[in-house]
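> Below, each chain spelled out in residue letters.
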Amino acid sequence: MLAYIVQRLIWLPVLLILISLVTFALGLYGPGDPVQVMMGLHTNPQIVEQVRQEYGFDQPFLVQYWNYITNALQGNFGYSLVKYQGQRVSDLIAKRLPITLQLNLVAILWSVPLGIALGIFAALKRKSWLDVFVRGVVILGISLPVIGLMPVLDFALSRKHELGALVIGPFLPPGGWRGIFAPHIIQPAFILGLGLLAVYTRQTRAAMIEVMSADYVRTARAKGLKEWMVVMRHALRNAWIPLITIIGFTLAGLFAGSFLVEQFYSIPGIGALAYESLLSKEYYVIMAFTLIAATVYVIINLIIDIAYAFVDPRIRYK
Amino acid sequence: MSENRGLIAVVIVLLVALVGVICIGFGALVYCPQPGSVCGGLFGAPSNVSQANTPQPQATAASNQGQNQTPNQNQNPPSNNTAPAGNVLRLPGGSGLGGDPPTLDPANTSDVESATYIVEIYSGLVGFNKDLKIVPDLAEKWDVSNDGKTYTFALRKDAKFHDGRPVTAQDVQYSLERAADPKTRSTVSPLYLGDIVGFMDKYTGKATQVSGIKVIDNSTIQIDIDKPISYFLASLAHPTSYVVDKFNVESGEQPWYLKPNGTGPYKLVQWDQGQQIILEKNADYYGEIKPSVDRIELILGGGSAMTRYENGDLDAVRVSIADIERVSDPTNTLNKELVIEPQLSTSFLVFNTRKAPFDDPKVRLAFAMSIDKQKLNDVVFKKMPVVATGILPQAFPGFNPNLQGIPYDPEGAKKLLAESKYAGSLPDIVWSTVGGGGTAGSDVQAIAEMLKENLGANISVEQTDWATYLSQINGSNIDFQMFDIGWSADYVDPHNFIGLLFRGGSLNNWSGYDNPDVNKLIDEASVEPNLEKRIQTYQQAEELILKDAPVLPLTYGRDYWLTKPYVKGVFYPPLVIERLKYITIEK
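First to last, the sequence lines map onto chains A and B. Per my numbering, the first sequence starts with residue 2, numbered consecutively. Per my numbering, the second sequence starts with residue 68, numbered consecutively.
Hints in this document: simulated from the structure, not taken from any laboratory. Warning: the hint list may mix true and false statements.
Said to hold, decoys possible - Quick partial rundown of chain A residues pointing at chain B, CB under 8 angstroms, derived from the structure:
hint, residue
1, M40
2, Y56
3, Q88
4, R127
5, K282
To be verified - Covered stretches of chain B (chain A as the covering partner; in silico rule of three or more C-beta atoms under 8 angstroms from a C-beta of chain A):
hint, region
6, 160-172
7, 175-189
8, 244-252
9, 329-342
10, 363-376
Ideal Cβ positions, reconstructed from N, Cα and C, are used throughout, including at glycine.
Start from the sequences and build out the full structure, keeping to the hints where you can.
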């Protein structure tokens with residue numbers, strides 16, 4: 002087991018070097034230039050050249066890449082060039098990552114447990130009104146586009162409605178970020194969780210239905226076990242395996258998944274930062290973002306694989 | 068026990084879900100920014116101080132009639148643990164669009180967002196007053212030598228940095244030298260200060276000091292410029308030359324400007340990235356007009372600004388096109404709070420005169436005459452801007468009210484096209500525009516449709532992101548055939564439009580237009596000391612340019628702002644100038 006983990010982790014740096022090379026090359030050779038974005042329409046090729054030289058952008062690709070990597074190994078991931086001029090990339094990410102994480106954590110906390118619970122009940126009470134209702138919610142959750150839902154909710158909950166002399170609302174703030182305990186988090190966390198709720202309900206229901214018709218469940222029932230015991234001990238344990246995969250990717254998606262929502266509710270999270278940086282050719286921020294995302298995906302994949310082994314004794318790694 | 072593990076797990080899962088739902092519900096109950104309305108807010112915690120005092124004619128009536136008195140009104144005196152006593156103004160950040168300023172380093176100010184903060188926190192030798200006239204700021208007075216090439220500034224003796232240190236001539240020198248230093252990596256300083264003798268030598272690393280900047284004594288500084296340019300003081304009023312504190316810059320903070328020590332009427336006290344910037348008034352401000360509002364919260368994010376304005380969370384808002392019809396309706400209550408401010412900006416459709424078919428002026432004119440600008444403005448822009456008749460915008464000195472603009476004349480356009488060298492063989496046109504959506508903006512689509520209908524032109528639209536677009540149009544040889552672009556004034560001089568955009572060989576001459584007559588007029592005007600004569604000469608050039616139609620001016624920009632009635636003295640200048648100190652709150 003340990004050997005397996007070490008072996009998987011050895012590949013991480015190799016992967017990171019490959020990814021960083023590609024990202025770096027795309028940044029430098031792709032169209033657009035951060036110095037020009039900074040200058041906007043006030044262009045002057047002489048000044049652009051001068052400033053590029055000061056930044057060292059005129060040096061050969063490999064020299065620049067080498068400088069970047071050696072700095073990065075010492076914990077210096079470069080500076081923002083355009084949108085947060087001179088601020089350390091590591092500071093920018095450190096300020097924003099916790100916000101995205103908190104937002105997603107709240108979204109996960111309400112939606113994933115609820116989704117799993119709903120899925121179990123829907124599977125046990127197949128074709129009952131509960132099942133129909135849950136499936137309806139799932140279909141809505143998956144098919145309603147978030148981009149359309151956000152303005153509707155915003156209108157309904159965050160606006161003041163004047164019906165004659167009666168003033169109703171606003172019930173919720175229209176956006177912004179005031180920490181995890183402020184009501185500002187409710188709308189975005191609700192929206193973010195909706196998709197998760199649907200996915201988890203559907204996956205859990207499907208997995209449960211499958212295992213409930215398995216032979217060992219019939220055996221368990223034949224042994225005379227109580228129904229809830231059958232469900233909990235025999236069925237649910239086996240239904241966990243597909244769920245673990247999606248839990249893993251939900252966690253990995255924490256870093257990127259909330260971009261649209263962050264944008265709409267003006268939440269200064271990491272998704273908004275990544276988007277801004279892409280548009281203004283922030284080489285270093287994009288690099289850092291890519292490297293973090295790659296690392297997270299590799300590690301989460303590893304954790305998923307290890308978790309399989311714990312849930313399912315048949316899976317063992319050498 | 069082990070049999071129960073699964074059950075326990077399910078119960079825990081359900082409990083967690085329950086806690087989540089309760090938390091959300093609880094939050095919704097607590098929140099209520101609008102006293103007197105039917106909403107949450109059971110615990111009387113309005114998010115802002117001034118709301119407790121906000122006049123609320125309709126809401127109070129409602130709460131007195133049917134419902135209980137809202138808790139907020141009784142329980143909350145105007146004090147709150149989040150904000151100190153005194154009056155507070157809450158504005159959308161920067162130019163009203165929100166978002167963090169890219170920098171608060173004066174020498175590197177190349178964008179409007181940053182400039183709006185920098186002009187309040189720092190100050191320069193000279194500045195603009197409300198009427199956009201140059202007035203003394205850190206300099207008390209100045210002398211100009213007879214040849215117009217040497218300026219001697221006498222500094223005020225009472226000006227201090229926010230930390231109390233007096234401002235000296237050495238500080239001014241340090242700031243200007245710093246703007247010239249290649250290590251500062253300023254992309255704007257050559258544009259505004261490049262006329263100072265020796266500035267470019269230092270900028271390009273040929274010298275270690277700017278020879279044209281001399282400290283005479285602690286409160287006198289002399290600046291020499293290359294040639295007697297009439298707009299030198301105006302460029303000194305730009306943030307690039309504002310005064311910074313050496314000890315602040317070299318403090319080691321990364322970057323230093325997060326804790327700026329300026330000289331302006333407001334001090335930065337807090338900056339929560341993506342959330343808010345808080346300014347407090349500088350009680351020791353030296354200027355004649357002292358700041359009145361104690362604390363200004365500039366909100367950088369937070370969802371729809373319009374919603375928050377209507378909810379009473381913001382004291383002013385920039386109206387976007389989505390709300391324009393609503394607020395322009397005189398029967399709407401918001402209409403009384405509306406201010407419309409002409410901007411010093413013009414939007415253009417550019418024809419690249421170096422590319423077929425736009426190398427023929429007749430084709431350019433035919434294109435320009437096939438576009439119904441009035442209809443475009445009425446339908447697509449909802450009358451937000453004004454239809455352009457010339458190059459210089461309405462609010463600009465030198466605007467020529469006699470210009471009729473290129474008329475909408477489809478028949479005349481067809482005739483012109485038939486006379487051109489591309490008669491019957493008009494090539495397909497590619498229109499490049501900034502965008503990333505599936506379809507181009509409705510203005511682009513409308514114009515392309517007009518050109519197709521009136522001239523039979525086959526136009527395909529190519530969208531690129533801003534960075535790529537810039538790298539194209541900032542090159543010396545623009546590859547785009549036809550594109551749209553807006554230009555806002557940097558300084559109030561016709562040269563900023565006519566000279567920069569249409570002088571043959573100028574860096575911002577996107578159309579590649581090069582008319583010897585126009586060039587001659589522009590060259591004459593740029594050194595003409597008499598203002599009236601200058602303006603006349605530029606106007607002559609403008610008329611010639613319009614006849615050749617290297618560009619089609621589409622609209623002149625206007626900004627729409629809503630301001631709460633208790634905020635007095637607010638104005639929305641077309642240039643970034645100091646303005647917060649004029650504002651008072653009268654409730």
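> Next, verify each hint and record whether it holds.
Hints and how they fare:
Proximity of A:M40 to chain B holds as hinted, the smallest CB-CB distance being about 4 angstroms (cut-off 8 angstroms). Annotation: interface hint on A:Y56 holds; nearest CB of chain B at approximately 7 angstroms, less than 8 angstroms. Using the Cβ-Cβ criterion of 8 angstroms, the hint placing A:Q88 at the interface with chain B is satisfied: the shortest such distance is roughly 6 angstroms. Taken as an interface hint, A:R127 does not check out: its beta carbon lies about 18 angstroms from the nearest beta carbon of chain B, beyond 8 angstroms.
The criterion of a C-beta within 8 angstroms of any C-beta in chain B is met by A:K282, whose closest approach is roughly 5 angstroms, and the hint holds. Proximity of the region 160-172 of chain B to chain A, defined as three or more residues with a beta carbon under 8 angstroms from a beta carbon of that chain, is established by the 5 residues found. For the region 175-189 of chain B, the stated coverage by chain A is satisfied: 3 residues place a CB nearer than 8 angstroms to a CB of that chain, which reaches the threshold of 3. Given as covered by chain A, the region 244-252 of chain B passes the check, having 3 residues with a CB less than 8 angstroms from a CB of that chain where 3 are the minimum.
Check on the region 329-342 of chain B: 3 of its residues sit with their Cβ under 8 angstroms from a Cβ of chain A, so the three-residue criterion for coverage holds. With 8 residues having a beta carbon nearer than 8 angstroms to a beta carbon of chain A, the region 363-376 of chain B meets the requirement of three or more and the stated coverage holds.
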